[in-house]
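> Protein chains in written order, with the numbering used here: chain C, 14 to 328; chain Y, 546 to 835.
Take every hint as true, because none was put in to throw you off.
Some but not every residue of chain C turned toward chain Y, in silico, with C-beta under 10 Å: (1) Thr36; (2) Leu40; (3) Leu149; (4) Thr159; (5) Tyr306; (6) Tyr327.
Residues from chain C that keep clear of chain Y, each with C-beta distances beyond 12 Å, as calculated: (7) Glu54; (8) Asp66; (9) Thr237.
In short, the hints are calculated from the structure, not lab data.
Where is the CB? At the ideal position from N, CA and C, for every residue including glycine.
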Amino acid sequence: MRWTSSVRNFFLMPAVIWVLVFTIFPLGYSLYAAFHNVTNETIVNRMEVPRLDKAGEPVLRPDGTPRMKTEVVRETVTKWEFVGLDNFKRLFTDTVLHEAIKVTAIFVGVGLAIQMTLGLALAMLFNRDMPGRSLLRTIMILPIFTTPVAAGYLFFTIFYEEGGPLGWTGIPWLSNPSWALFSVIVVDVWQWTPFCFLVFLAALQGIPDELLEAVKLDTNSNWTTFREVLLPLLMPTIVIVLLLRFAEAMKVFDIVASLTVGGPGNATQSLSYLAFRTGLRFFDVGYASAIAYTLLALVMVVVTILFKRIRTIYA
Amino acid sequence: MPDAHAAELPATRRRMSMTDSLCWLLAIAVTLLFFFPLYWAVSTSLRNPADTFTVTGIGIPFINFTPTLDNFRTELSTPEGFRALRTSLFVSITATLLALMLGMPAAYALARFRYWSNADITVWFLSQRVLPPVATLIPFYIVFRNIGLLDTPYALILINTTFVLPFVVVIMRQTFLDLPVELEESAMVDGASYFGAFMRIALPLAAPAAAATAMIIFAFTWNEFLFSSSLGITQTKMMPAHMAGAVDTRGIQFWFMATRALIAMIPPVLLALLAQRYIVRGLTLGAVKG
Chain C
14 MRWTSSVRNF FLMPAVIWVL VFTIFPLGYS LYAAFHNVTN ETIVNRMEVP
64 RLDKAGEPVL RPDGTPRMKT EVVRETVTKW EFVGLDNFKR LFTDTVLHEA
114 IKVTAIFVGV GLAIQMTLGL ALAMLFNRDM PGRSLLRTIM ILPIFTTPVA
164 AGYLFFTIFY EEGGPLGWTG IPWLSNPSWA LFSVIVVDVW QWTPFCFLVF
214 LAALQGIPDE LLEAVKLDTN SNWTTFREVL LPLLMPTIVI VLLLRFAEAM
264 KVFDIVASLT VGGPGNATQS LSYLAFRTGL RFFDVGYASA IAYTLLALVM
314 VVVTILFKRI RTIYA
Chain Y
546 MPDAHAAELP ATRRRMSMTD SLCWLLAIAV TLLFFFPLYW AVSTSLRNPA
596 DTFTVTGIGI PFINFTPTLD NFRTELSTPE GFRALRTSLF VSITATLLAL
646 MLGMPAAYAL ARFRYWSNAD ITVWFLSQRV LPPVATLIPF YIVFRNIGLL
696 DTPYALILIN TTFVLPFVVV IMRQTFLDLP VELEESAMVD GASYFGAFMR
746 IALPLAAPAA AATAMIIFAF TWNEFLFSSS LGITQTKMMP AHMAGAVDTR
796 GIQFWFMATR ALIAMIPPVL LALLAQRYIV RGLTLGAVKG
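When you get a sec, could you build the whole thing from the sequences and use the hints?
Following this line, the structure appears as C-alpha cells:
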C-alpha cells in the first residue's frame, strides 16, 4: 500500500534539505575547524579623518585646511591556521578533558542506572488499581517538562548548605567535589525518572491481562513472573528508553551550567560544558571542535551498536 | 480439602488488599517526594526575602510564614523580564509552526509513499536527536556572527526548528500510518490530487495529534538553553537565559531565583499536561505507544 508517484519528493524534500543545511553543514564546518588553530586578533587602526560640524561639513582651520581628528577602528580578524592533527593529539594529553570524560561517564552511568531501576520499580508499583492513580501519575509527569536550567537553580536553593531544606543533613552538597557530582545526578534523576516511569507504565499496561492470568496458573512467585515474563516483554521498551536517555544524558549542559558552573574545580564539568567554555569563553575554536567531535564519537559508538534494534522499530 | 481451600480465599484477599494499600501509601510518598522541589519553589517564591532562611517546618504558606506576591510583582514589572517572555513566545511559536510546516508533509510522505528505504530515512531524521548540539554551536555562532544574525530571534528560530523537526516527522508519520489510507484513495478516485488528499483528508484527521506535537515541541524550544544563552546575548534573551543572566549580575537571591524558575517553568509544564495523552509517544519518538 505504498504510492510511488514522483510528487513524493515535493512532500519530503523541504524537510530533508532543511536538515542537511542546518546539521551537515555545521558538522562539516566543525570538522574543518578541528584541523585548524583559530585565533581572533584585534587589529587597531588609527586614522586621521577631518572633523565634521553638525551639518556634515568639514571644520576648517583659519588657514583653510580641515581640522583633523584621530579615529580608532577596531577590527576583529579571525585567522585560520592549518595545524593538521594537533588538536586531536592534544585530546590525549589534556587532563582537564580526561576529567570531563570521567565526569560525563559517571553522570551517565550512575544517573541512568538509578533512573531505569527506579522508573521500572515505580511503574510496577503504580501498575495496580489504587484511588487517585491518574492524579498521582499527572503529578509525577510535572518534572519532565520543567525547564532544565530552572530545575538547576531550583535545586541550588534546595542544596544550599546553610539554611536550605536539606541543610540539616550536614552534607556538603555543592562544595565537595564528589557530592557536587552526585547533586547534579540527583537533579537529572528527579527530572527523568518520571519519564522512564511513564513509558514503562504504558508498556506494562499494554500487556494483556489474560497473559498474566495464564502465568498465575504456572507460578505464584512474583519475582519469577517478573523475571521470566514481564522483563522479556518489556525489553524492547527498556532498550529504547535506555538509548534515548543515553543520547540526552551525554549532552548534559543545562544542569551543570545552572547548579554548579562545572565546579568545585572541574569536578562537575561535563564534555558539553567543557566544549562550550573552550569555544565560546576561551575562543579556542579549533580545540573546542575537536572536543565536540570526541563527544560525538562516544555517542555514535553506542548508538551504532544499537542501530539495528532502532531500525526495526521504524521498518 | 474443600474446607481449607474455602477458608484460605478470604484470608488471601485480605492480605492482598493489605499489600495494595501499602503500595498505595508508598506511591503517594514517592509522588510527594518528586513534587517537593516544585512545592519548595512555590513556597520560596511566596516568602518575604527576609523570611527566606528563617521559616520553620517545611515552609507551608500561612502556617509557617505570611505569604506575599511581591516577588512576582517585582519580577514581572522589569522590562527585561517582560522582553524575555516576549522573545520566548515569539521564538517558540514561530519555530513550532515552521517545524510543523516542514515536518508534516515529510511525515505524510514517509507514511504513504515508497522511497528507497522509508525506515532509513526516518532513522536519519531521528539521528538529529542523538547529535550533541554543542558540536554545531560554534559553527552556528561564527556563521551567524558573520552574516549579522547573532543576537536576533531569527537565529534561534532557525536552530530550534532544526532540533524539533525530527519529533514532528517521527510522531506524525506514526499518526498518518494509523489513519486508513482508503479515505485518501477514494478522494483521489474522485479527482483529488495527492496534495489535496493530504490537505483535505489526512490533515484534519491528524489534527489532534498535530496539536499535541505542537505543544511538546513548543515546550522543548521554550526550555532550550545552550543556544539561547550563547546566541541571544543582549537583545534576544529567552526566559532560561534571562534567568541565568540575572543570577550573574544580581548575585544569588533565592526568592527571585524561585520566582523566575516558576515563571519559566509554567508554560511548558502546562502545555505538557494538556498533551498528556501523547507524551509517551512523543518523548519516545513514536517508538512506544502510550
